[in-house]
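Participant: Please arrange chain V on chain W, whose structure you already have, making use of the hints.
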Amino acid sequence: MHSDFKELLSAFSAHRVKYLVVGAYAVGVHAQPRATKDLDILVKRDPENAMALYAALAQFGAPLEGLTPHNLVERGSFFRMGREPLAVDILSEIAGVEFDGAWERRTEAVIDPVSGLTVYFISRRDLLTAKLAAGRAQDLADVEAIRKAEESQ
Amino acid sequence: MVQTKRMDKTLRRYSSLDEMKADEYRYWQTRPVYERVAAISELTEEGYRLKGVATDAFRLQRTLVRIQRPSR
Numbered sequence: 001m002h003s004d005f006k007e008l009l010s011a012f013s014a015h016r017v018k019y020l021v022v023g024a025y026a027v028g029v030h031a032q033p034r035a036t037k038d039l040d041i042l043v044k045r046d047p048e049n050a051m052a053l054y055a056a057l058a059q060f061g062a063p064l065e066g067l068t069p070h071n072l073v074e075r076g077s078f079f080r081m082g083r084e085p086l087a088v089d090i091l092s093e094i095a096g097v098e099f100d101g102a103w104e105r106r107t108e109a110v111i112d113p114v115s116g117l118t119v120y121f122i123s124r125r126d127l128l129t130a131k132l133a134a135g136r137a138q139d140l141a142d143v144e145a146i147r148k149a150e151e152s153q
Numbered sequence: 001m002v003q004t005k006r007m008d009k010t011l012r013r014y015s016s017l018d019e020m021k022a023d024e025y026r027y028w029q030t031r032p033v034y035e036r037v038a039a040i041s042e043l044t045e046e047g048y049r050l051k052g053v054a055t056d057a058f059r060l061q062r063t064l065v066r067i068q069r070p071s072r
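Protein chains in written order, with the numbering used here: chain W, 1 to 153; chain V, 1 to 72.
Warning: the hint list may mix true and false statements.
Said to hold, decoys possible - Here are the simulated PhoX-like pairs of lysine-lysine, each with C-alpha atoms no more than 25 Å apart in a straight line: (1) W:K37 - W:K18; (2) V:K9 - W:K37; (3) W:K148 - W:K37; (4) V:K5 - W:K6; (5) W:K18 - W:K44; (6) W:K148 - V:K51; (7) W:K18 - W:K6; (8) W:K6 - W:K44; (9) V:K51 - V:K5; (10) V:K5 - W:K37; (11) V:K5 - V:K21; (12) V:K21 - V:K9.
Claimed, not checked - These stretches of chain V come out as covered by chain W in the derived footprint (C-beta under 8 Å, 3 or more residues): (13) 6 to 14; (14) 24 to 31; (15) 45 to 55; (16) 60 to 68.
Simulated from the structure, these hints should not be mistaken for lab results. Glycine included, every Cβ here is placed at the ideal spot set by N, Cα and C.
If we strip away everything but chain W, and leave its shape as in the complex, we get (with noise of 0.2 Å):
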């Protein structure tokens, strides 16, 4: 993973924000890797959450300027960060899921060995309800590697 992604991840894990990585990130661990143009990043909707959220974000070198903590994990509204490849979007909402939910059922990964630095995904079972949910060709084509890896085993 980009040096820049586990840089914000680490943040995130400072200052304890709840999130989970959705969208190719979590297929790579529940399927196979494939190729992607961004770090899709689900996170909490609540003040705590989204001051721990504002606080990771600051920590990182985000300008926050014009913004509140609050907005950060307003209904409706979607972040961007950087360019394709190099982007992350961070979502307060995708369809098919309830965070809390989804929370409880979240695999836990170490995703850097030197620094131990851990990572929340989405469940197998709530990364397919999701991608169903979603329906786009490439939604549906992770559905189908995410089955067959399962089937796999």
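Facilitator: Positioned in the frame of chain W, the structure of chain V alone reads:
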């Protein structure tokens, strides 16, 4: 990086493409998550290199852009 890895030259025989694909999934599921995650970055960067984009100097721009859109 992808270029520095050596190819596993073991020949494996399969009775179908589905079986071959299943073996590929099984292989990845045996690999640690950090390796799978690293492969995503490698595949992505290699794809951009093939398109002629220099990826060595890639850094994440830290400007936040707010997008108003329906749920995805």
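Participant: Each hint: holds or not?
Facilitator: Quick rundown of the hints versus the structure:
{"no.": "1", "hint": "W:K37 - W:K18", "result": "23 Å, holds"}
{"no.": "2", "hint": "V:K9 - W:K37", "result": "31 Å, violated"}
{"no.": "3", "hint": "W:K148 - W:K37", "result": "23 Å, holds"}
{"no.": "4", "hint": "V:K5 - W:K6", "result": "23 Å, holds"}
{"no.": "5", "hint": "W:K18 - W:K44", "result": "6 Å, holds"}
{"no.": "6", "hint": "W:K148 - V:K51", "result": "30 Å, violated"}
{"no.": "7", "hint": "W:K18 - W:K6", "result": "16 Å, holds"}
{"no.": "8", "hint": "W:K6 - W:K44", "result": "20 Å, holds"}
{"no.": "9", "hint": "V:K51 - V:K5", "result": "21 Å, holds"}
{"no.": "10", "hint": "V:K5 - W:K37", "result": "24 Å, holds"}
{"no.": "11", "hint": "V:K5 - V:K21", "result": "22 Å, holds"}
{"no.": "12", "hint": "V:K21 - V:K9", "result": "18 Å, holds"}
{"no.": "13", "hint": "6 to 14", "result": "violated (count 0)"}
{"no.": "14", "hint": "24 to 31", "result": "holds (count 5)"}
{"no.": "15", "hint": "45 to 55", "result": "holds (count 5)"}
{"no.": "16", "hint": "60 to 68", "result": "holds (count 9)"}
Comparing the model with each earlier hint shows violations of hints 2, 6 and 13; every other hint is respected.
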